[in-house]
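Participant: One letter stands for each residue in the lines below.
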Amino acid sequence: MTTMSMIKALNEGLRRVLEEQPKSLVMGEDVGRLGGVFRVTDGLQKDFGADRIIDTPLAESGIIGTAIGLAMRGYRPICEIQFDGFVYPAFDQLVSQLAKIPNRSAGRIRLPVVVRIPYGGGIGAIEHHSESPEAYFAHTAGLKVVTCSNPADAYWMIQQAAAGDDPVIFFEPKRRYHAKGEVDTDEAGIELYRARTVREGRTATLIAYGPTVDVAVNAAEAAAEEGLDLEVVDLRSLSPIDWEPLFASVRKTGRAVVVHEAPGNVGIGAEVAARLTEECFYSLEAPVLRVTGYDVPYPASRLEDDYLPNLDRVLDAVDRSLEH
Amino acid sequence: MTTMSMIKALNEGLRRVLEEQPKSLVMGEDVGRLGGVFRVTDGLQKDFGADRIIDTPLAESGIIGTAIGLAMRGYRPICEIQFDGFVYPAFDQLVSQLAKIPNRSAGRIRLPVVVRIPYGGGIGAIEHHSESPEAYFAHTAGLKVVTCSNPADAYWMIQQAAAGDDPVIFFEPKRRYHAKGEVDTDEAGIELYRARTVREGRTATLIAYGPTVDVAVNAAEAAAEEGLDLEVVDLRSLSPIDWEPLFASVRKTGRAVVVHEAPGNVGIGAEVAARLTEECFYSLEAPVLRVTGYDVPYPASRLEDDYLPNLDRVLDAVDRSLEH
Amino acid sequence: MGDTQRPAKKTAKSRPKPASTNEPQFVQLLSPEGTRVKHPDYHLDLTDDEYRGLYRDLVITRELDAQGTALQRQGQLGLWPSLLGQEAAQVGSGRALKPQDTVFPAYRELGVQWCRGIDLISAFALFRGTDLGGRDTVGDRFNMYAIVIASQTLHAAGYAMGVAMDGAVGGEDGEAVIVYHGDGATSEGDFNEALIWAGVFNSPLVFFCQNNQYAISETNARQFRLPPYRRAEGFGVPGIFVDGNDVLATFAVTRDALDRARRGEGPSLIEAYTYRMQPHTTSDDATRYRDEAELDFWRAKDPIVRYRKWLAAEGLADEAYFAAVDTEAGEQVRALRARVMALTDPEVSEMFDNVYAEMPQSIAAQRAEAVEFQASLDDAAEGSDLR
Amino acid sequence: MGDTQRPAKKTAKSRPKPASTNEPQFVQLLSPEGTRVKHPDYHLDLTDDEYRGLYRDLVITRELDAQGTALQRQGQLGLWPSLLGQEAAQVGSGRALKPQDTVFPAYRELGVQWCRGIDLISAFALFRGTDLGGRDTVGDRFNMYAIVIASQTLHAAGYAMGVAMDGAVGGEDGEAVIVYHGDGATSEGDFNEALIWAGVFNSPLVFFCQNNQYAISETNARQFRLPPYRRAEGFGVPGIFVDGNDVLATFAVTRDALDRARRGEGPSLIEAYTYRMQPHTTSDDATRYRDEAELDFWRAKDPIVRYRKWLAAEGLADEAYFAAVDTEAGEQVRALRARVMALTDPEVSEMFDNVYAEMPQSIAAQRAEAVEFQASLDDAAEGSDLR
Ligand SMILES: Cc1ncc(C[n+]2csc(CCOP(=O)(O)OP(=O)(O)O)c2C)c(N)n1
Ligand SMILES: Cc1ncc(C[n+]2csc(CCOP(=O)(O)OP(=O)(O)O)c2C)c(N)n1
Ligand SMILES: [Mg+2]
Ligand SMILES: [Mg+2]
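These protein sequence lines are chains A, B, C and D, in that order.
According to UniProt numbering, the first sequence is numbered sequentially starting from 1.
According to UniProt numbering, the second sequence is numbered sequentially starting from 1.
According to UniProt numbering, the third sequence is numbered sequentially starting from 1.
According to UniProt numbering, the fourth sequence is numbered sequentially starting from 1.
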């Protein structure tokens, strides 16, 4: 067990990938000499060379498009998109190419490309630097979408994502980047596409991922003082979602609240609510509720605390659920 | 009342916009001399000139990006994206610019831009020509998303969309392009952002839009022969959704099935199901079910009949709903 | 200029001379009238068999393509994008490739595919709708057709980066990569980003632009002020302008560009000036945007007619040879046609099977549901047959 | 060449001569040593007041920008992207604009904004996070800052199309549009598409590229083989290369390009060769990718020092004038600083109010919910204060 920040965990995880898999590459804007604007790739170019840690031109479509070509050549690119809000110029290469080429090729081409995206708000940033675009990618057949909420998951999930042969969009909650946590560097303990029950409880289930796991845990702790026993599940994989633990939890608690930063409308929370209701209809004592970003563009940073789901809004939703 | 195809209705609707609103423009690939690959803009360049019906370079980001600039200058562009699968290169300009600039400007800039997208499958086309990307745009705060299912709606909705000051993504179900219908060219009868009950019934509610409205109506007719009395609602507006008629319907029937061509995962159906359950929890006798495209890339056309929601799959879902 | 990288080597070939006065300033080795033209930079010295082989390729390509159009008209294909008129551009460039080279086509490259010796059925299956065009593209060194305009140029740029990273460039045996695209494609962001990538990483990539004068109905005037080969020069990537209806010139300039790429001298762009004699695809009505006079103008530049004249005049081939090629083309067409008609619909399960390397449980469940549903309908249909 | 459109008029200015031997081949009217250089194509004949005014703009811009950095360090701004070193590029081009011209900035254009006489508070509010940068951009003829690299180039191209469609070009009173972007921006698809658009529609648009040698940590070598002004030429758009640390040269070439645009002679691109003396933003650590020697090299080219030398040598300004400008700059800084500190947090409701012209019912409901929730928390907080 070692204590490290999520940034360090990702850095160490990438190091192991680069050491163990000679075909792996890291590519993106400023990932080389600078070590990335968040320093996730710090020191990698020094240790693995400029041929493997590639500072690319400032063009996101180009980053993903050429990563696809490199993967066709047998490489295993790990791309960095500098911030959530800058992934959109690459959208065609992501959804029409990366997601579809393996199927188009009748399975003859596999594209083991990982796309790392620092995401989410809460860091006082300017526009386009606080978005949560995960629903776009979860809705896209052919991609897998995961997100880590703590250093241990960051360390292992990046390695697991890089080890697979499917394209993975890998969301990193930037407001958790500096928070430290214990990392067991010997054993992963859990598979990439599995949800994890972070806290057991019987009153209701809080379902969160990435940056909101911490919010949910804090809410559960606050609720415990009021005698409420909340279960918290970290989805970890957003597409596919690991449904069984959710079904089991909701069958136990009868109530669920989903928490994410992205706007609620047609978001991950909608899918979770719809599916849970389909499968656990007779167990639910209240509708699955959602606590999410509002359906407006991410606001100026001085308003972000009002925009983001927080402890109070989560507890309020739990109360509303219990009123049913 | 006149009988016309949806293509003709759109063409006539655009004509009226161009006549009544001197600042309106039509722009896109092949919309001018050719009249569009589907002939929706047929004859417009001849009648309104090449300054107002603009054949653009082959670049979708450029089409939307320059339309934004034109709108800032006071023009009212109606852009055509040639096929659903070619909207993705414009994604950044759509979600980070078109959707957000009005809010960014603190409301001082309005962008009355309509983006027409022929969408959906069932026409035996090759890849990228049969997609249903509406969920991406519905999830995007700042955009409005609508779709027509028949010539009368096509005729009026395109005019209403062009008359408003918000950006509208306007989806046209291409497999309904040639089907004819009655059009009252004197009066719209219904507002743009309203849902419409196409068929009244008491057993269950079918919720559809665009190309699946017809599927739902056919299913309802078939079900009627078996004594089932299905209500069919055409959403028309996908963002915002006109919820009240849906709530009312579900409170009456107690059961709902949403039908769309797009993949189900994190689709419009998920939002409809989640929201209906939130609001009508005590009225629902079964979970809201979804009949959608599968969560795989749109298949080769010889498989599309198996991919698309059809009468049998809808009726099967109704049966499953009734089993609850 | 700080550390701005300059192109490794300027390959400023002297500006070519047009053979006849109405021709633009492109590289030409064979005039529309079928006479050989000298060019200061490009010489060709093929064997008699190779010269004859080019003719065979041109004719067979044309016939197979015509069969695509015919099959579509007969309802056997959903769509066909004809290359009629562009045979020389495709055969000239396609035959210039060495076995180790890799091709990234757009969607009209049947002639290149033929030259690479790759089973053409994949193109017909794609446009019949029985699959999405998948093949063993890595083994074939010929990628799938690309429908999203210019998207393949970035794939090619990435692949070519990988070739260089593999150390597979640097000599006469080096690998080169060629990517095909149209005049319209040059307007897309992706194409321009691909030029940047190829330039910055000095990749062994040849952009082969078939400027067939149209992007569906839109003329060159809607896509650019300066022709694509001039654009490339602005990116620091040598641009070569060639008569795309001249199979010898196309062969010569492509071989040269590929050789520079394989030697490690970086990317270039070839603009082959040609003409699409058919509508954009079988769905298009070209009479809406162009007239017979324009077609006549280009008919006079037919790539096969001129080449045949020259072969005959040089005594490289005679009527018997031409007749034999026609016969062979007919056989190829018949064989292919039979195979196209035999292409059957895929199984429902196939739409699920290849999406992921590791299929998620949810997809497996949907697959089972779809297969079962299909089976139940089949049962019902059988049942009703029995009644 | 079929109907390929050629640029209306070639504006091939003769290649400029460098003043000192270590300078690139750009237009320069004032050497780093402060001596006036003649240029065959560009002459400047400003009034003494105008010459002095440029100095004032340079100094005030530098001071206001420094205040941005200071405010960020003091925790009053979230971020500040300094323009230190780029004052001449911004003031020279900004002052070349006529009142009817429209500006599309990137995010570092405080100096241009100053020259346009537009309240600078918007830039500070943006980086303080109290709003998203909204102003009356249409009335101001100065658009909002653009964060997504190169996205604004297309907006400018569309706007310029509209200007031409309005018939607002064609004489000395015509309108021109200028769009600012960086060296890194030239790699984005959008930038290249904007060049195509401007060219094809012959729009009155000047691309003003501040090549400050870096895109965050990445040098020019990662973005292009040939400098941006050469790129433009490949698109058929005249490219002009200018010493971006020379306020006179920047003024002259921008005025010329804007005048051509306003006369209806189409787009051009100016590459102003300059240097970002500060890190990319206050969040950046530039020591990771560049060294003191490089900074020293550029310090010797400081745009203000050279201009002040020249003014003094010409007798256009004296120490008293320079001191007065410093005093005024100090006042400007103090006034602005006070206003920045007074910027207050917006109301919760504001995040909902401007999204749509017609607010959907669902957004109105969310607005009400958020406002109410905020109020309930405030109440609770007050309640607990009472306890
Ligand atoms: C991104 C994208 N936009 C639009 C289309 C529709 N489309 C198909 S072919 C075509 C024209 C292509 O022209 P060009 O690049 O010159 O190639 P050509 O067909 O002439 O060979 C268009 C607009 C597409 N396939 N992809
Ligand atoms: C589309 C996009 N990708 C990435 C970024 C992150 N980013 C902000 S500034 C910058 C570098 C820009 O360099 P340049 O265009 O030279 O302008 P400069 O900052 O030097 O003025 C990057 C990569 C962004 N803002 N937008
Ligand atoms: Mg073409
Ligand atoms: Mg820069």
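Where hints are given, some of them may not hold.
To be verified - Lysine-lysine pairs mimicking DSSO-like chemistry, simulated, CA-CA at most 30 Å apart:
hint, chain 1, residue 1, chain 2, residue 2
1, C, Lys-98, A, Lys-23
2, B, Lys-23, D, Lys-98
3, B, Lys-252, B, Lys-46
4, A, Lys-23, A, Lys-46
5, D, Lys-38, D, Lys-98
6, C, Lys-98, C, Lys-309
Unchecked claim - Restraint-style ranges between C-beta atoms, simulated for each label pair:
hint, chain 1, residue 1, chain 2, residue 2, range
7, A, Glu-182, D, Glu-358, 49 to 59 Å
8, C, Arg-73, B, Glu-191, 40 to 50 Å
9, A, Asn-218, D, Ala-381, 12 to 22 Å
10, D, Glu-292, A, Glu-200, 55 to 65 Å
11, C, Phe-373, B, Glu-191, 58 to 68 Å
12, D, Val-305, C, His-43, 52 to 62 Å
13, C, Arg-73, B, Trp-243, 41 to 51 Å
What the hints assert, rightly or not - A short list of chain B residues far from chain A (calculated; beta carbon distances all over 10 Å):
hint, residue
14, Glu-20
15, Ser-24
16, Gly-124
17, Gly-142
Since the hints were made in silico from the structure, they are not lab data.
A quick note: this is a predicted structure, and the numbers were derived from the prediction, not measured.
Ideal Cβ placement from N, Cα and C applies to all residues, glycine included.
Participant: Next step is simple, just say for each hint if it's right about the structure.
Facilitator: Here's how the hints hold up against the structure:
1. C:Lys-98 <-> A:Lys-23: Measuring from Cα to Cα gives roughly 26 Å; hence the hint holds.
2. B:Lys-23 <-> D:Lys-98: Given pair Lys-23 (chain B), Lys-98 (chain D) holds - Cα atoms ~26 Å apart, limit 30 Å.
3. B:Lys-252 <-> B:Lys-46: violated (52 Å)
4. A:Lys-23 <-> A:Lys-46: Given that 30 Å is the threshold and the Cα spacing comes to 17 Å, the pair holds.
5. D:Lys-38 <-> D:Lys-98: Satisfied, since the Cα-Cα distance of roughly 25 Å is no more than 30 Å.
6. C:Lys-98 <-> C:Lys-309: holds (28 Å)
7. A:Glu-182 <-> D:Glu-358: 49 to 59 Å: holds (52 Å)
8. C:Arg-73 <-> B:Glu-191: 40 to 50 Å: Holds: the Cβ-Cβ distance is about 46 Å, inside 40 to 50 Å.
9. A:Asn-218 <-> D:Ala-381: 12 to 22 Å: holds (18 Å)
10. D:Glu-292 <-> A:Glu-200: 55 to 65 Å: holds (57 Å)
11. C:Phe-373 <-> B:Glu-191: 58 to 68 Å: Hint violated: Cβ distance 38 Å, outside 58 to 68 Å.
12. D:Val-305 <-> C:His-43: 52 to 62 Å: Between Val-305 (chain D) and His-43 (chain C), where Cβ atoms are some 58 Å apart, the hint holds.
13. C:Arg-73 <-> B:Trp-243: 41 to 51 Å: holds (49 Å)
14. Glu-20: holds (31 Å)
15. Ser-24: holds (26 Å)
16. Gly-124: Since the minimum Cβ distance to chain A is about 18 Å, Gly-124 (chain B) lies beyond 10 Å and the statement holds.
17. Gly-142: The claim is violated: Gly-142 (chain B) sits with its nearest Cβ about 6 Å from chain A, within 10 Å.
Against the hints set out earlier in the document, violations occur for numbers 3, 11, 17.
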